[in-house]
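> Sequence:
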Amino acid sequence: MKQKLLLLLATFSFLSTQAQITLVNPEPDFQITLACPPCMVSNFFQIDLDGDGTPEFRFRYDFDTGDSPNLHIESTFDFFNGIETSVVNVPDTGLVQALSQGVLINSSTPTSFTSEFIATELEGSNAEFLNTGDQYIGFKAEIGSTIYYGWILVNLTGNVFTIKQYAFTTNPNGILTGQGGALSVSQKELETVKLYPNPVVDVLNISLFQSDFNPTYFQVLDLSGRIVHQDKFDISNGINCNSLSSGQYILQLVEQNSNVKRVQSFIKD
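Residue numbers (mature numbering (1 follows the signal peptide of the UniProt record, and there is no 0)): -19 to -1, 1 to 250.
Not one of these hints is a red herring.
Below, simulated DSS-like cross-link-like pairs (lysine-lysine); rule was C-alpha separation at most 30 angstroms, straight line:
{"no.": "1", "residue 1": "K175", "residue 2": "K249"}
{"no.": "2", "residue 1": "K145", "residue 2": "K175"}
{"no.": "3", "residue 1": "K213", "residue 2": "K249"}
{"no.": "4", "residue 1": "K175", "residue 2": "K213"}
Pairwise CB distance ranges (calculated):
{"no.": "5", "residue 1": "N140", "residue 2": "S227", "range": "41 to 49 angstroms"}
{"no.": "6", "residue 1": "S23", "residue 2": "E123", "range": "17 to 25 angstroms"}
{"no.": "7", "residue 1": "T113", "residue 2": "T90", "range": "16 to 24 angstroms"}
{"no.": "8", "residue 1": "S89", "residue 2": "Q237", "range": "39 to 47 angstroms"}
{"no.": "9", "residue 1": "I208", "residue 2": "D43", "range": "44 to 52 angstroms"}
Source of the hints: derived by calculation from the structure; they are not laboratory data.
In this text, a Cβ means the ideal position worked out from N, Cα and C, and glycines have one as well.
Modelling step: build the complete structure from the supplied sequences, incorporating the hints.
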């Protein structure tokens, strides 16, 4: 047990020093009651990894037979547009596997992808999620040349499904379930700040959807937390990224008087 704990701590330390992790906290926890009617609710929670406004994952539920709901986590893409998403599955069942805290998700983690969507259930013959407390879903997503590794913390008690938080990284070494990071992005930030294009080659454009937030300057940080670029913020000009090397960065938009910040991550090609 001691050796396993030391190995876990060493792995956590290695991953923490090598990459930035984006942790997203819905405020408050997202919760939905599975009921019939309505016997199907699509897209009730969506996850957008690259900040382009288009989600890579979405949740839905339906009642196929009887009174038992089937919960699905789906991909919004297929193989033909260069985007592939998958989740960690119970072997040979097609069902999502419930993961405990501290499980490593990386390039060697077995996952499943089936054409247009992931036909996997959170409740089914395995019943790994139903009335078992908080559990993790592991996922991978390949968007262009960038691969994301992440986890989603969920709870299914009775017919109430809760999504508590999720996190992801582009570090090829992966992420541990439950592992967060210095960068914490709230669901509000994801909804009020959009970056495009992302990945970016030259100019990063920004759209703001919060009328009472008026940033006066911006900071671009690398994954070590070092400020590599900062200037006055002018939404009409965007942010010139030509001087940045390829990689992942953190953008902070700051209101100077109130010190209110909005944080987003982006990738420089």
